[in-house]
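Chemist: Sequence:
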Amino acid sequence: MSFEPAGPTNETMPVAGPSRIRRGGRMLGAIASVLVTIAFTFLGLLAITFFIGRVIPIDPVLAVVGDRATPEVYEAARVQMGLDQPLPVQFFHYVVNVLSGDFGRSVSTGRLVSDDLARFFPATLEMATIGIIIGVLLGVPMGVYAAAHRGRPLDQVIRVIGMLGYSVPAFWLGLVGLALFYARFGLVGGPGRLDIFYDGLVPPVTGLILVDSLIAGETDIFFNAISHIILPASVLGFFSLAYIARMTRSFMLDQLGQDFVTTARVKGVAEWLVIWRHAFRPILVPLITVIGLSFAGLLEGSVMIETVFSWPGIGNYLTTALLNADMNAVLGATLVVGAVFILINKLSDVLYRVIDPRARR
1 MSFEPAGPTN
11 ETMPVAGPSR
21 IRRGGRMLGA
31 IASVLVTIAF
41 TFLGLLAITF
51 FIGRVIPIDP
61 VLAVVGDRAT
71 PEVYEAARVQ
81 MGLDQPLPVQ
91 FFHYVVNVLS
101 GDFGRSVSTG
111 RLVSDDLARF
121 FPATLEMATI
131 GIIIGVLLGV
141 PMGVYAAAHR
151 GRPLDQVIRV
161 IGMLGYSVPA
171 FWLGLVGLAL
181 FYARFGLVGG
191 PGRLDIFYDG
201 LVPPVTGLIL
211 VDSLIAGETD
221 IFFNAISHII
231 LPASVLGFFS
241 LAYIARMTRS
251 FMLDQLGQDF
261 VTTARVKGVA
271 EWLVIWRHAF
281 RPILVPLITV
291 IGLSFAGLLE
301 GSVMIETVFS
311 WPGIGNYLTT
321 ALLNADMNAV
331 LGATLVVGAV
341 FILINKLSDV
351 LYRVIDPRAR
361 R
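Under this note's numbering, the very last position in the sequence shown is 361; numbers go up by exactly one each time.
Don't take every hint at face value.
Taking CB as the label site, the calculated pair distances span [unchecked claim]:
no.: 1; residue 1: S250; residue 2: F171; range: 27 to 37 Å
no.: 2; residue 1: I196; residue 2: A270; range: 49 to 59 Å
no.: 3; residue 1: V79; residue 2: D102; range: 15 to 25 Å
no.: 4; residue 1: D349; residue 2: D67; range: 42 to 52 Å
no.: 5; residue 1: Q156; residue 2: T289; range: 19 to 29 Å
None of these hints come from the bench; they were simulated from the model.
Glycine included, every Cβ here is placed at the ideal spot set by N, Cα and C.
With the hints as constraints, model all of the structure from the sequences given.
Modeler: Written out as C-alpha cells, the structure is:
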C-alpha cells in the first residue's frame, strides 16, 4: 500500500505568475527611475547654487571678516573657508557638506544656517499650506462652474478674478488688506505670527504654531495664531485661486466638448453627474500638476508677503540675508526651496499612477 505525501508537492505549491513578476519589476523600475531623477535634479540644483555663489559680485570673506580686516586676517579666513582651492574641489566639499546638512554659519544671525532653516521654514510651510487649501477649495469649484456656465455673468466675474490674480501686485494687496481688516476694522491680527505677549510660550515641537499650540493645549494661542495667519494666507490663496480657477476652467471646457460628454447628455444623465463624473474626473491628472506647481510657487514666492506682514518665514530670512550679503543663508534657503519644488513635482508623478490606472502600465 502506498501513501501520498501529506505536504504540498512542487506541482501543488503556488508559484508567482509571470504577470505578477512583471508588475513587481515595473514598480521597482519606476521607483528607481524616480530616485535617480531626484538625485540628478538635486545635483544640478547644487551646481547652480554653487556657481551662482561664486560669480556674484559679493566677497564672502569680506562678509565674515569685515572691510577693515588686515590682509593677513583676510587670507587666513579665505584659507579656512576653502576658497583658495580649485573650483572642482570646492564644489566637491560643498556637495559633501550639504548632504550632511551643513550649510555653514549665517553672518546675519550668528547661528548655523541649518538651525535657522529649521526655525523659519515651518512658518512659510504653514502659511503656504493654508493658502493652497483656500486656493483649491475655492478655485476648483469656481473653474468648474465657470466652464459649465460659459458666457454667463458669473463666468465673466470668475474670469475677472483670475485676471486680477495675475495683475495685482502681492505687496499692494497685502498692504490694502492690513489697512482695511487690521487697522480699520480690527477683524484680524497684525503683522507677525502671534501677539508679542504670546511669543515664546508654546514649546516648539513641529515648528507649526497652530499644531504646537494644540499639542500644548493652549487654545488662546491657537486662535490668536489663526487671527494672524488668516490674512497673509488668504492673500496667497487669492493668487493660487486665480491660477487654479483659470486652469480648471480651461481643462473643463476641453472635456465638455468631447463626444462622450455629449453622449451622456443625450442619454439623459443628470447634468451634475455629467459635469463631476464624466467631465471632471479626466482632468484630475493635469489638475494635480497645476496644484503642485501652485503650492511650490507659494513656497518660493512668499517673499513679498512675508516682508509686508513681518512673517518670520524663509522668505523674510532670505530677504534679510540678501541685504546683508549673507551668502551661506541665501544658498541654504535657495536649496531648501528648490528641494521642496523637486519633491512636490515627483509627488505629482506618483499621484498620477494612483489616480490614472493607465500610467501604471
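Chemist: Does the structure break any of the earlier hints, and which numbers would those be?
Modeler: When the structure is compared with the hints, none of them turns out to be violated.
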